[in-house]
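Asks: The primary structure of each chain is shown beneath.
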Amino acid sequence: MSTERERREILIATIADLLDGIRHVAVGASSPIPAAGAMLLRARNELCGKPPVRISILGSQAHNFFTNGGVELFDCAAQGRVDAFFLGGGQIDGHGNINLVGTGDYPTTSVRWPGSFGSAYLYHLIPRVILFREEHSPRVFVPQVDFVSARAITPEIPRRGGPHALLTNMALFDFDREAGGFSLRSVHPPFTPADIRENTGFAYQEPDVVRETPRPDAATLALLRGRIFDELAETYPAFARTMKQAA
Amino acid sequence: MSTERERREILIATIADLLDGIRHVAVGASSPIPAAGAMLLRARNELCGKPPVRISILGSQAHNFFTNGGVELFDCAAQGRVDAFFLGGGQIDGHGNINLVGTGDYPTTSVRWPGSFGSAYLYHLIPRVILFREEHSPRVFVPQVDFVSARAITPEIPRRGGPHALLTNMALFDFDREAGGFSLRSVHPPFTPADIRENTGFAYQEPDVVRETPRPDAATLALLRGRIFDELAETYPAFARTMKQAA
Amino acid sequence: MTEIVALEALAARVTPGQSLAIPVDGSGVAMAATAALLETGIRDLKLICVPISGMQADLLIGAGRIASIETSAVSLGEAGAAPRFTAGVKNGAFTMRDSTCPAIYAGLLAAQKGVPFMPIAGIIGSDLLNVRPDWQVIDSPVGEARKVVVVPAISPDVALFHTPEADRAGNVRIGRHRELADLAYASKRTLVTVERIVDRNLLDSEDSAAGVLPSLYVDSIAVATGGAWPLALWDEYPADEAEIARYAAMARSEDGFRAYLSAFLTHRKQVA
Amino acid sequence: MTEIVALEALAARVTPGQSLAIPVDGSGVAMAATAALLETGIRDLKLICVPISGMQADLLIGAGRIASIETSAVSLGEAGAAPRFTAGVKNGAFTMRDSTCPAIYAGLLAAQKGVPFMPIAGIIGSDLLNVRPDWQVIDSPVGEARKVVVVPAISPDVALFHTPEADRAGNVRIGRHRELADLAYASKRTLVTVERIVDRNLLDSEDSAAGVLPSLYVDSIAVATGGAWPLALWDEYPADEAEIARYAAMARSEDGFRAYLSAFLTHRKQVA
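Residue numbers (our numbering), protein chains in the order written: chain A, 1434 to 1680; chain B, 1434 to 1680; chain C, 297 to 568; chain D, 297 to 568.
Think of the hints as simulated: they come from the structure by calculation, not from any bench. Glycine included, every Cβ here is placed at the ideal spot set by N, Cα and C. Any given hint could be a false lead.
[Claimed, not checked] A few chain C residues that don't get close to chain D, going by computed Cβ distances all over 10 Å:
(1) Ala377
(2) Ala402
(3) Asp453
[What the hints assert, rightly or not] Partial chain B-side listing against chain D, Cβ under 8 Å, derived:
(4) Tyr1554
(5) Val1573
(6) Phe1580
(7) Val1643
(8) Thr1646
All chains should be built: construct the whole structure from the sequences, respecting the hints.
Replies: Structure representation (structure tokens):
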């Protein structure tokens, strides 16, 4: 249980680092770990006197700065007023493309997922899209997605948006928009680069020496286990309770 | 003074008749006579148990059913939810085209009027546009407008909107969309068909016997001078006061 | 003008073969009206989810009432996948029209504006463009020279949703949930269920008027207390997560779904 | 985040050559800020009236501060024609971009949506299409086959308006005047003057939130009591018709306009 908590804490702290420098991050519904990461950054910036961070959480009342209905997030992104967002995928390929629709032949796919949501649009418009998928397996990380819900790179048209990093239960990858692929940045303890190679179905760049993803320091953990999980409880009570209990 | 009031009362009653059968009429700002006509129809329908009439008056708080800002009237018209509207014009020609921009060579026109407002759009979309221009002179009613702010007929594209009638201080014309021109329906007393011919710069159909525009009957006058001018006072206090004082 | 009718009469306004637009969970989903609609024997609905749906779509799908669905996703959220949707897609039980959230809003906006199509940012490179031949990529005819996706107008026959209150004139309080207004503007007919009818005129004060959908856009209203249950309604009541999880579990099988549906309809009649 | 500054500082955020979007009379015209802006020595403004203007545009025109104007009309309403506008058009004192109200909204909407253009109903047959070569008539690329006008996006550098109140976080109450939100969404920077700053958070209750422009879209706020005078501000105060009529009369001549302008600026400084 404590391991599960530590796993989540590394993810949350990593997300806070990935978001550093942004002014406005939007978080989808049912995304407690991204939301906690965003809240950690907000608290940290506030404590260091750095610029404030605005967090929009879809479906939340308290973290809702929108007054123009469901379309406002999308308009806001088109206006360049959203700096970061999170996307997942039933499949994610080595080109950064994501599949939220299903596997096999469309439309009577053998596995069907809910659908593309806003991905096809937001991937073009939000500069720092963090791909967040906890399950790290060859089933998820494939050479080529069966259906491109959202494409990572479209050289034929200018765009400000696209993937920034890929964070999983095992590792953190950077995305290189020029090269159009991922490179391994760090591996979460206790995993090794070999574990990553074994569980990743697509090719990626691997540095000679692979760093370990840093564990959150004591100050970060104190902030996380206190204020952040309290703040999180408003939107994700069950998740916050579990994290608190594990402490 | 009483003559001026009678002139206006005929216009108001004529407008109520022209609006008969509509469900929603929009009235521009600074249009007390069209507004009074719409209110007369509304009161009459209510008294006879006929379907209710909705009146939107631009710039009024009490007659504002819109909650989506300045664009809502235009959207509403595009959706087919506005049945009638009023337009004027610095020039109106025999084809029903109106000019709200100016005379002479554009852009440095010799006479410049405020501009086209929403006319270019609404003329296409509102089925029963009533052209209302009190001044009846060859200067206003020209063979061909110098600038077409809004065109009455566009055979190349389907449209639901366009001119229904032209009402002036002297006469009422019907507009025939097939023929693309006006025909004289009635002349307000004390004018004669010859007066109309003399003061109209465009060609129009004239029946062998030209009717006189009916004066409002006693019941209509009572309604007008009582309830309608009271209702009108909220939006057009000065106009309503003048009409009441003249009574 | 807006009619205020019984829930059954409201449901009867929807006829077979019509396109029906419904909002996202939490925005104000008319679940009680959906039960009443199922009771009418409705069929061949062309469902339009604005921009996604959950249990409401899954119930209509499982009961075999839809001919097609246009949506950006169907999901039960925390409770996982929507079982009847997933099964139906695999069986080809209905025509699937996959979309992406802002494209649904763009289609509705085109209808709101009375134009045949709407341009939309992004999307280029997505396989959605392959499976939606009604979408195109064009060179912008004016303004900045660039490629842009265009989608056709979406003009639903009927919009159906649930909100806390309406007044007697038919004005409906939608608060910040302006997606409900987007639905109504674009639709030929709008049916609304409410928790309650209030006596005051919602357009009377500037503050309350800002959160109102005017009666001009509302055809029929019916009272349905707890009308979004088991889904959430704003700050009125939260989702009944246990009930949704129970649905998710039962609806995994066809038989389980039938049993749930039957109990759901019975429950609705008892509440009414 | 939103800054709360003095009126002079707010006016100084507008720089020469920028495009400046302003709302229609009665919606919330920032007249006090316009006086402050005139004092900065601003010039070469590209004025965008959403969708028309009155005395505000006429003052800026008369003072020789605009390079171009895009508008559907300039008029003093009951007080008649806008004298400096009328004179300026005849002299070719600025570039005139005649429009029609919904086309201005459509251009702003394109900017709000991040697309290069917007289709719009109607207009076909109008001479506006001849004098606006940046507008085109195209065959709809998808959906219903028909001709439709397309207009380019309008992305103002600055939006400037006045409303009754803002909170300390920079949320601005706009009530039903959603055209003010349309302005802010489309503009790169939004400057707002208010009658007062309130201590409560305007987003806190669902009812008041519905009529709020979130601080996300608001760059600078300044307090300007009576900031719309002599124009009306919603239900806060009516227009000062006598003052507007006085302006209309004086501004008929160049000298009269100069005298009015000088007194107007002096009056504003005394109020502040």
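Asks: Now tell me, hint by hint, if it's right for this structure.
Replies: Comparing the hints with the structure gives:
no.: 1; hint: Ala377; result: 31 Å, holds
no.: 2; hint: Ala402; result: 8 Å, violated
no.: 3; hint: Asp453; result: 16 Å, holds
no.: 4; hint: Tyr1554; result: 4 Å, holds
no.: 5; hint: Val1573; result: 16 Å, violated
no.: 6; hint: Phe1580; result: 5 Å, holds
no.: 7; hint: Val1643; result: 31 Å, violated
no.: 8; hint: Thr1646; result: 28 Å, violated
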